[in-house]
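Now that you have both chains on their own, put them together as the hints suggest.
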Amino acid sequence: MKKTLFLLAAATALAGIAAPANAQGMDKVKACFIYVGPVGDFGWSYQHDQGRLYVEEKLGDKLETAYLESVPEGADSERALERFARSGCNIIFTTSFGYMDATNKVAKDFPDIKFEHATGYKREHPNVATYDSKFFQGRYVIGQIAAKMSKTGSAGYIASFPIPEVVQGINSFMLGAQSVNPEFKLKVVWVNTWFDPGKEADAAKVLLDGGVDILTQHTDSTAPMQVAAERGAYAFGQASEMIAFGPNTQLTSIIDEWGPYYMERITAVLEGTWEQQATWAGMAEGHVVMAPYTNMPDDVKAMAEETEAKITSGEFHPFTGPIKKQDGSEWLAEGQVAEDGELAGLNFYVAGIDDQLPQ
Amino acid sequence: MDMTQAIILTIITAATPLLLAAIGELVVERSGVLNLGVEGMMIMGAVAAFAIAQLTGSAGLGAIGGLVSGMLFSLLFGFLTLTLVANQVATGLALTILGLGLSGMIGESFIGLPGLKLAAIEIPLLSDIPFIGRVLFSQDPIFYTSIIAVFGVSWFLFKSRAGLRLRAIGDNHSSAHALGINVVRTRYLAVMFGGACAGLAGAHLSIVYTPQWVENMTAGRGWIALALVVFASWRPGRALIGAYLFGAVSIGQLFAQSRGIGIPSQLLSALPYLATIAVLVIISLNRRMTLINTPASLGKSFVPER
Numbered sequence: 001m002k003k004t005l006f007l008l009a010a011a012t013a014l015a016g017i018a019a020p021a022n023a024q025g026m027d028k029v030k031a032c033f034i035y036v037g038p039v040g041d042f043g044w045s046y047q048h049d050q051g052r053l054y055v056e057e058k059l060g061d062k063l064e065t066a067y068l069e070s071v072p073e074g075a076d077s078e079r080a081l082e083r084f085a086r087s088g089c090n091i092i093f094t095t096s097f098g099y100m101d102a103t104n105k106v107a108k109d110f111p112d113i114k115f116e117h118a119t120g121y122k123r124e125h126p127n128v129a130t131y132d133s134k135f136f137q138g139r140y141v142i143g144q145i146a147a148k149m150s151k152t153g154s155a156g157y158i159a160s161f162p163i164p165e166v167v168q169g170i171n172s173f174m175l176g177a178q179s180v181n182p183e184f185k186l187k188v189v190w191v192n193t194w195f196d197p198g199k200e201a202d203a204a205k206v207l208l209d210g211g212v213d214i215l216t217q218h219t220d221s222t223a224p225m226q227v228a229a230e231r232g233a234y235a236f237g238q239a240s241e242m243i244a245f246g247p248n249t250q251l252t253s254i255i256d257e258w259g260p261y262y263m264e265r266i267t268a269v270l271e272g273t274w275e276q277q278a279t280w281a282g283m284a285e286g287h288v289v290m291a292p293y294t295n296m297p298d299d300v301k302a303m304a305e306e307t308e309a310k311i312t313s314g315e316f317h318p319f320t321g322p323i324k325k326q327d328g329s330e331w332l333a334e335g336q337v338a339e340d341g342e343l344a345g346l347n348f349y350v351a352g353i354d355d356q357l358p359q
Numbered sequence: 001m002d003m004t005q006a007i008i009l010t011i012i013t014a015a016t017p018l019l020l021a022a023i024g025e026l027v028v029e030r031s032g033v034l035n036l037g038v039e040g041m042m043i044m045g046a047v048a049a050f051a052i053a054q055l056t057g058s059a060g061l062g063a064i065g066g067l068v069s070g071m072l073f074s075l076l077f078g079f080l081t082l083t084l085v086a087n088q089v090a091t092g093l094a095l096t097i098l099g100l101g102l103s104g105m106i107g108e109s110f111i112g113l114p115g116l117k118l119a120a121i122e123i124p125l126l127s128d129i130p131f132i133g134r135v136l137f138s139q140d141p142i143f144y145t146s147i148i149a150v151f152g153v154s155w156f157l158f159k160s161r162a163g164l165r166l167r168a169i170g171d172n173h174s175s176a177h178a179l180g181i182n183v184v185r186t187r188y189l190a191v192m193f194g195g196a197c198a199g200l201a202g203a204h205l206s207i208v209y210t211p212q213w214v215e216n217m218t219a220g221r222g223w224i225a226l227a228l229v230v231f232a233s234w235r236p237g238r239a240l241i242g243a244y245l246f247g248a249v250s251i252g253q254l255f256a257q258s259r260g261i262g263i264p265s266q267l268l269s270a271l272p273y274l275a276t277i278a279v280l281v282i283i284s285l286n287r288r289m290t291l292i293n294t295p296a297s298l299g300k301s302f303v304p305e306r
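Residue numbers (my numbering), protein chains in the order written: chain R, 1 to 359; chain Y, 1 to 306.
Hints were generated in silico from the structure; no laboratory data involved.
Only a predicted model underlies this, so the values are computations on that prediction, with no experimental measurement involved.
There may be inaccurate statements among the hints.
Below, in silico cross-link-like pairs of lysine-lysine (DSBU-like), each with a Cα-Cα straight-line distance of 35 Å or less [stated by the list, open to error]:
hint, chain 1, residue 1, chain 2, residue 2
1, R, Lys-324, R, Lys-122
2, R, Lys-148, Y, Lys-117
3, R, Lys-185, R, Lys-58
4, Y, Lys-117, R, Lys-185
5, R, Lys-28, R, Lys-148
6, R, Lys-301, R, Lys-151
7, R, Lys-58, R, Lys-108
8, Y, Lys-300, R, Lys-151
9, R, Lys-324, R, Lys-185
10, R, Lys-122, R, Lys-62
11, R, Lys-151, R, Lys-310
12, Y, Lys-117, R, Lys-301
Have a look at the derived ranges for each label pair, beta carbon to beta carbon [stated by the list, open to error]:
hint, chain 1, residue 1, chain 2, residue 2, range
13, R, Gln-277, Y, Val-281, 48 to 58 Å
14, R, Asn-248, Y, Gln-266, 27 to 37 Å
15, R, Asp-354, Y, Gln-266, 37 to 47 Å
Each residue gets a CB set at the ideal place from its N, CA and C atoms; glycine is no exception.
One chain only, chain Y, in its complex shape (with noise of 0.2 Å):
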């Protein structure tokens, strides 16, 4: 293996769980929920598939309990939020931190465990291919999933009925519950989708990424991948480009530092930041653009007139 196929092997794995928490974002954003518990559903997902990955002896379990976990999780939310029509971004931080308080409780007695890692899985010819097959071909499932959903949550929204139903409502909630489209529902599954990403997304961290649990590991990747979706101007091609962008920045200056670059490590460590920003500030030049895209019921509380 070549030292360019191992960089990019190790910026995936630093992309997956920001992709794959960012794409479960986007869905719930685009129906017009905003949850900003992504962190605290991510933490929950790496206790859970840690802790089933321990107790069964099966990483694979352990994956998708931590799915599981996280779409629990973030039925609390759905609740608060949809049921009891509570504030959204008021419940979204109160579930960041119960998330990484309940998880620190859960995970009590796994630290300091060495953890099972989820096994790749060599896809059949493809994985020959030379330099391509070795990086994109023979990684692990959650990496494959990641990747799927880009393109399944791409389909859904833009090509499927049910996706122009759920951007209805994002766009705005009365018309939609007017013309007889069950919002809450829609939401509910919107939310639990968003939960579910998260959690793969923390399982990643657990069984894949750094194969241990430790309090707080998720360490505010849930946060990059709330802005990734901004940044990505809430479509799926998008978040996928940022995700990689970031972990490829992010990764290519711990290579330059490697390497003996004179640049000043500080500088070195804030450009994932700053490439975000600045990508961010060519986006909202175009104003239109961005308006567009963004789901006009954003964070907005609905309630059904009867």
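Next up, chain R with everything else stripped away, as it sits in the complex (with noise of 0.2 Å):
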């Protein structure tokens, strides 16, 4: 089904029928998108087509879209958005970090075709914005309720790769877990996929057999929320609703919402008023929504809701100091702020964190 989509758009482009992206604003555009999981994958992906869908509603005949999905990342993502690129897209949409050189490298080549990449910094061309969310806002929220809930005082965290949104993350957890526990531990295991269930659950059972009984991840699949259900230990979702796999057991899920910042940039290249940008949105943007608080007492409830309120108003900030390093030595002074630049490329961990981050 999703192959013969592409495979019409290549027609459609060989038939000489696409035209190319004008300033001056068009009738139709063709949106496209690459994923690095499959869109069933009820996580990342799947969220970012969700997205894709919204905007198919939004605009209807305005509006035509091809994706790809499971396109690793690397070598295969550059021959996948050369053909892309060659099908007619207006605007190509590359949804992972390890697609940040390819889209750079193609974007070049295709000077009249917008392309938006997920969560990277590099912006070599005009023609190259960025966007991400700040997802760390929602993991102080869960490491506040982390802490709250454990009973043993310590979380397990089941990472992907040591890139800095998912090191954000990490240390976000951790701050908003010691804001209520300044002893509690975490204990962080790389799986270095960001999508293989079986290899997800491994881990989750590893974590709670080493005593854990609170677990969050940043993987794709919904397979650590099962295990966690399985043995009656708490979770967090991750990207989408996950509750279907844990009605016990999940107390939140950070879900992503691109459908929004989706609608915005194609209707840009609709009207001709696009322009390279970097967007960093979080809550108060709507591009960081927390799942409804369930299976914790009122008052873990209530401070939650309090956090997420403070974060969405911008009265707090995750990263506000005083804050160490994990060697002891001081990053942000009492009242700090981290610059956004500065988190971008976030590459140590906070004090605490018993692990040993991968360089």
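Next up, the structure:
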């Protein structure tokens, strides 16, 4: 089905129907998406696809979309991008960190096409924009919840790759937890994959066997939630609502809402107003949404809601000093707030995390 | 349950699908056929098992459904390579790609549904043995099947007349044909056995390992099973050792990380593969032994002379 969609797109391009994008706006836009996992992962890629469907519904006839799923990061993604670029796409969203170099490389050869790279920081050509969400805002909230709910005073963190986005999450989670329980312990396991239900489940089991009673993950499948449910532990959903996999297990979930952003950017192409930019939006803009707070006492829920409200209003920033680095040196002084630029390249742990960050 | 038991249980869960798929492929390759479609057959088994378990409400029926669908899917490979004598490597790869796509389409309506888990069966008396009972004799039926398959295949290949014929075909299909052995029929049966094993291995993923359906959930396990067959130098006992070694190293590295052992996690993640390569190198040092075990007709098409 999806492959057919792509073939159709290719056929259209061959027939010479596709028109190049121009700055004066256009009647119809073709938006293309590249996903790192299957759209049915029920996590990261699924949420991006929900965003695509959202815009499709809103724009109707003015929009044509195509997508490729399970595109490996690296060389394969470059080929996929080139194929898309030649098939008449006006704007291409590349939705994983590992597409960063490929996106910039292909963008150079196709200056008329707009490229939008998720979670990256390289914008080497005027037709490359980047976008990301401040997931770490949600991580702070769930860190606080974890510290309140854990009987052992510890949580397990299933991490994917040591990139800034993931490191922000781990640090923010830990800072949230420490704000409740300064002695909180965090065990981190790197699985070096975004999506492998079996491996994620293995990591979940190993962490629970090791004595933690709450799990959180920065990988894309629902497997850890399921393991936690089976073992009677608590867990936090990731990227999408995962309550179906743990009705008595999920405390909340950090949901990625891409729809509004995709709507804004695709509309900009339609109107001819698209410009390069780096978007990093969070709770305030509705890009990071917390799933209902469930399976917790009212006071914990109230605390979580209060923190969420403070982050949304801008009253509080998870990375507010005093914060020490893992090695004990000072990072942020009392009251100092981390700058976005620094967070975007974050490559060290805050104090108290009992793990060596892979470099 | 103490931690050692818990970790062994996790290793068993990780190793079972690898072992099953490898044992099936081992028989296929012993008959001289190289089926690279293990990943495709596995994922078909996974989606069928999940779908049937959902529709009938029985995980047991799901497991059987996974086995049967893997077998049916392998018949496609059999028809193309044995009857139409298509290239085995190309057909096997096509089978994997087809399986991944087709399973995604079939499974579309099952995404996001919590699955049924195949219940464990406690073997009376044996499950009461301290330590071992809990680990080895209170398991799901697919685990028992995988162990029985190892011993069964071992007996079949090296102790039975039919197994001798199968190995004869794998070593020299022309001679076997001249002796009056039905090469194509035997190979069909071997391919179907391989498909059934891969299908059941896939079922294990979607109704035991992680009871859910997500596209591409095999995540390359079919390819690891293929490597294990070479690793095992086509001997069932070694496939068992290989699968558990791979499982133990994979889980061991996660465990080491959770304990905060300061080894770079990228290196730890690569360990299972490094271990496999190391053993392969050691095995292949003795070239004569490797040649004795390798089915000489492996991957070669057979056209009976008329």
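Results of checking the hints against the structure:
no. : hint                              : result
1   : Lys-324/R - Lys-122/R             : 28 Å, holds
2   : Lys-148/R - Lys-117/Y             : 31 Å, holds
3   : Lys-185/R - Lys-58/R              : 45 Å, violated
4   : Lys-117/Y - Lys-185/R             : 32 Å, holds
5   : Lys-28/R - Lys-148/R              : 51 Å, violated
6   : Lys-301/R - Lys-151/R             : 17 Å, holds
7   : Lys-58/R - Lys-108/R              : 31 Å, holds
8   : Lys-300/Y - Lys-151/R             : 61 Å, violated
9   : Lys-324/R - Lys-185/R             : 16 Å, holds
10  : Lys-122/R - Lys-62/R              : 30 Å, holds
11  : Lys-151/R - Lys-310/R             : 27 Å, holds
12  : Lys-117/Y - Lys-301/R             : 32 Å, holds
13  : Gln-277/R - Val-281/Y: 48 to 58 Å : 52 Å, holds
14  : Asn-248/R - Gln-266/Y: 27 to 37 Å : 36 Å, holds
15  : Asp-354/R - Gln-266/Y: 37 to 47 Å : 19 Å, violated
Figure legend: structure checked against the earlier numbered hints; hints not met, in rising order: 3, 5, 8 and 15.
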